[in-house]
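Peer 1: Listed in order, the protein sequences are those of chains A and B.
Each residue of the first sequence is one higher than the one before, starting from 61 at the first, in the working numbering.
Each residue of the second sequence is one higher than the one before, starting from 2 at the first, in the working numbering.
Quick caveat, the hints were computed from the structure, so don't treat them as lab data.
You can take every hint at face value.
Straight-line distance between alpha carbons at most 30 angstroms, and here's what the computed BS3-like set of lysine-lysine pairs gives: (1) A:LYS215 <-> A:LYS176; (2) B:LYS293 <-> A:LYS370; (3) B:LYS293 <-> A:LYS303.
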Amino acid sequence: MTTHLQFDQVRLPPECDALRREVRAFLANEIAKGTFDPHRPGHGDSHDRDFSKRIGAKGWIGMTWPKKYGGHERSFLERYIVTEEFRVANAPVRSHFVADRQSGPVLLKYAPEHIKMNILPRICRGELCFVIGMSEPGSGSDLFAVKTKATKVDKGWRIDGTKIWTSNAQIADYMIALFRTSAPTNQNRRHGLTQFLVDMKTRGIKVSPIYQMSGQHDFNEVVFEQAFVPDDHVLGEIDGAWKQATSELAYERSGPERFLETFYLMLELIRAVGPEPDTRSAEGLGRLVAQLHTLRRMSVSVAGMLQAGKEPVVEAAIVKDLGTIWEQNLPNRVRELTAFVPPEIANRVTLEEQLAFATTIAPKLTIQGGTTEILRGIIARGLGLR
Amino acid sequence: MMAGRDQVAQPLQIRKICPGAVHRCDSLPMALLGLTMGSLRWPKGQTRPGNEKSTVVKGESDHIVAELAARIFADLADPQTVNRVHDGAWKASFWQALSDAGLTLAWVPEKLGGADASLAEGFALLGVAGRFAIAAPLAETLLAGWLLTCAELEAPAGTMTVAPCRPFDRIIFGKDATLSGRAFSIPFAAEAQNLAVMAESETGIVVALVSARDCTIGEGQNLAGDPSNIVRFERVKPLRYARAPSGFDHAALMIMGSVSRSLQTAGALESILSLTVSYANERVAFDRPIGKFQAVQQNLARLAGQTAAALAVSASAADTIAQSDNLDGAAFLEAASAKIRCAEAATEGAGIAHQVFGAIGFTKEHVLHRFTLRMLGWRDEFGSESYWAAELGRRVAKRGAEEFWPMVAAR
Numbered sequence: 061m062t063t064h065l066q067f068d069q070v071r072l073p074p075e076c077d078a079l080r081r082e083v084r085a086f087l088a089n090e091i092a093k094g095t096f097d098p099h100r101p102g103h104g105d106s107h108d109r110d111f112s113k114r115i116g117a118k119g120w121i122g123m124t125w126p127k128k129y130g131g132h133e134r135s136f137l138e139r140y141i142v143t144e145e146f147r148v149a150n151a152p153v154r155s156h157f158v159a160d161r162q163s164g165p166v167l168l169k170y171a172p173e174h175i176k177m178n179i180l181p182r183i184c185r186g187e188l189c190f191v192i193g194m195s196e197p198g199s200g201s202d203l204f205a206v207k208t209k210a211t212k213v214d215k216g217w218r219i220d221g222t223k224i225w226t227s228n229a230q231i232a233d234y235m236i237a238l239f240r241t242s243a244p245t246n247q248n249r250r251h252g253l254t255q256f257l258v259d260m261k262t263r264g265i266k267v268s269p270i271y272q273m274s275g276q277h278d279f280n281e282v283v284f285e286q287a288f289v290p291d292d293h294v295l296g297e298i299d300g301a302w303k304q305a306t307s308e309l310a311y312e313r314s315g316p317e318r319f320l321e322t323f324y325l326m327l328e329l330i331r332a333v334g335p336e337p338d339t340r341s342a343e344g345l346g347r348l349v350a351q352l353h354t355l356r357r358m359s360v361s362v363a364g365m366l367q368a369g370k371e372p373v374v375e376a377a378i379v380k381d382l383g384t385i386w387e388q389n390l391p392n393r394v395r396e397l398t399a400f401v402p403p404e405i406a407n408r409v410t411l412e413e414q415l416a417f418a419t420t421i422a423p424k425l426t427i428q429g430g431t432t433e434i435l436r437g438i439i440a441r442g443l444g445l446r
Numbered sequence: 002m003m004a005g006r007d008q009v010a011q012p013l014q015i016r017k018i019c020p021g022a023v024h025r026c027d028s029l030p031m032a033l034l035g036l037t038m039g040s041l042r043w044p045k046g047q048t049r050p051g052n053e054k055s056t057v058v059k060g061e062s063d064h065i066v067a068e069l070a071a072r073i074f075a076d077l078a079d080p081q082t083v084n085r086v087h088d089g090a091w092k093a094s095f096w097q098a099l100s101d102a103g104l105t106l107a108w109v110p111e112k113l114g115g116a117d118a119s120l121a122e123g124f125a126l127l128g129v130a131g132r133f134a135i136a137a138p139l140a141e142t143l144l145a146g147w148l149l150t151c152a153e154l155e156a157p158a159g160t161m162t163v164a165p166c167r168p169f170d171r172i173i174f175g176k177d178a179t180l181s182g183r184a185f186s187i188p189f190a191a192e193a194q195n196l197a198v199m200a201e202s203e204t205g206i207v208v209a210l211v212s213a214r215d216c217t218i219g220e221g222q223n224l225a226g227d228p229s230n231i232v233r234f235e236r237v238k239p240l241r242y243a244r245a246p247s248g249f250d251h252a253a254l255m256i257m258g259s260v261s262r263s264l265q266t267a268g269a270l271e272s273i274l275s276l277t278v279s280y281a282n283e284r285v286a287f288d289r290p291i292g293k294f295q296a297v298q299q300n301l302a303r304l305a306g307q308t309a310a311a312l313a314v315s316a317s318a319a320d321t322i323a324q325s326d327n328l329d330g331a332a333f334l335e336a337a338s339a340k341i342r343c344a345e346a347a348t349e350g351a352g353i354a355h356q357v358f359g360a361i362g363f364t365k366e367h368v369l370h371r372f373t374l375r376m377l378g379w380r381d382e383f384g385s386e387s388y389w390a391a392e393l394g395r396r397v398a399k400r401g402a403e404e405f406w407p408m409v410a411a412r
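Could you build the full structure based on these sequences and the hints that come with them?
Peer 2: So, in structure tokens, the structure goes:
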């Protein structure tokens, strides 16, 4: 039984201060230029390819990757700072964020050298948008139920099937997809899945929008009809993708984006209650501050442990479980705490717009990237219960 | 209340005023090796881990203190054993062992009668004390020693506690050099030989050492049945007293007390998690261990989350205070957050653990209550989560929205 939970004392090193100042100055300049409005998280363009290119030019995409692939060989803690500052500013990073966080690392580990040399530098320059092709109509949390089939043909694979809930597929250049290459075995139902790199311009791929209840359009249905993927686009072991998936998930689960999604409401709450809040508002705000500080200390600790080569799988799952529930509950907490503020407060319109937006996107926060139930299953396994 | 907030805002130079508190881990091997008078000592006949090495690397000494404490706790204050006996007979030998090892006055420098350990080592000790739900005034004696040291007062041997331990209680140091007033819910006051008292005089804060015999100590217990008493000071003449350095005030005491309680709570939650997971794997219902049911697994995962949060935030606060020169803004944010979040974790964690254990966990005979009731009681000592949340919220609101993210990101 491993009930020992470990959170090393990790502080961001002093050299990160200069980087943080640089990122803040860059963002302030972009806001001044009108690239995005930090007070309107749900409006405007959440992906902006030119903006991503400017971020790439600063060296803030693929920060931790080897220089030979266009990376910058900086630490995960430095990347952490860039990620949290962009998130807090509500900057439109959607066009490069998935590639930076998870697609690039998968390619680094499993793609053939010539593919890495071709694609990774373009990711680092902010030129490429990646999407994750995992979910299917009959396969959500249960990834091993993936049915989209990759059939071996001359010099490659023929893909047939449907991916769904594929965020940003309408703007994506590439997908990292999970396809079925063999049937599962009786001994191992996880067997038979393979990861592929898919060029979204491939003939036989059709992307159709699925609009969300928040009014946004991130989701898509992606249908593959005899789409051809060449042999050198296989990532890692054929039929053995399940072995590859787990190690990177700690990065995906524990980052600042897992508790800062509705952070803007904290700022509006502070503005709304004013410099001398009553006891109810002050106490409510104070609890939220303590909870946020705790989440961030946990998240930074996991980042530091990953940097040190440890594998805090359970701790990372806990960060996402607690973090997503916190950011999901935040709209209602702020709504309650601002119930009695005077109607004439200066940020009334912004507050109400943001509350409405955050309330409509809140349900997705505990679903995307691993549901609460799946995370708790992982934690329970780590505790020795399954 | 306003005054309390303003006082918190002043930087407190604990480095200057607490000689015993500023030692870094790398200065401690001498004390730990038992080479000097009054230092931490490994129990007779046992070998200190790492004794073969001539130097102790930074941070390692925290583990050594924790291990030393854990060994004494396991031998002489095992929660199961203590729960079975119905008297306090175990306490004398336990306290003697702690005292012999130098743990009770860990935060007091040698010249003032203590073991000269670092703040970090003392904090590590408190986490272990929480894991064993120690029902003796160890944390209180540590805090009392720290408080006396801050005024450069010599610390006596024996059990101590501190007063006040509620944010708004005040004791007055009169012109006749006596103490007057009352303090509520002083932990272990009825068992302590002496009290370290923070009092207000017309010219500033005074720290005083008082014999418990000279005070009027009321009846009372905390949720777990440990003494928790109202202490009345009726023109009590201190054994000794000194003026506290400027800037040192009640807020500093509340911060140290809060971080101590947070560490104890995190330790208690670690034990609760371990006990509860073990029980879920053993207890069979509907033909399988209850830990195989997803509903139970989900609850235990939540318990792990609360435990993780408490561990992370309390360790962060302890680390901040151990590394810093003062108890200003950063220490305030960390300590307040730790007390708030650990108290919330105690509430939720105790609820989950009791739910998993069912009726057996609700009995006197079962050990679970030793942990759950103690940590639920700790929520109210040195400022409840509601108190700290209101203080923290006011401070954040006063600074305004623009300063909020930089404040969080600086930690």
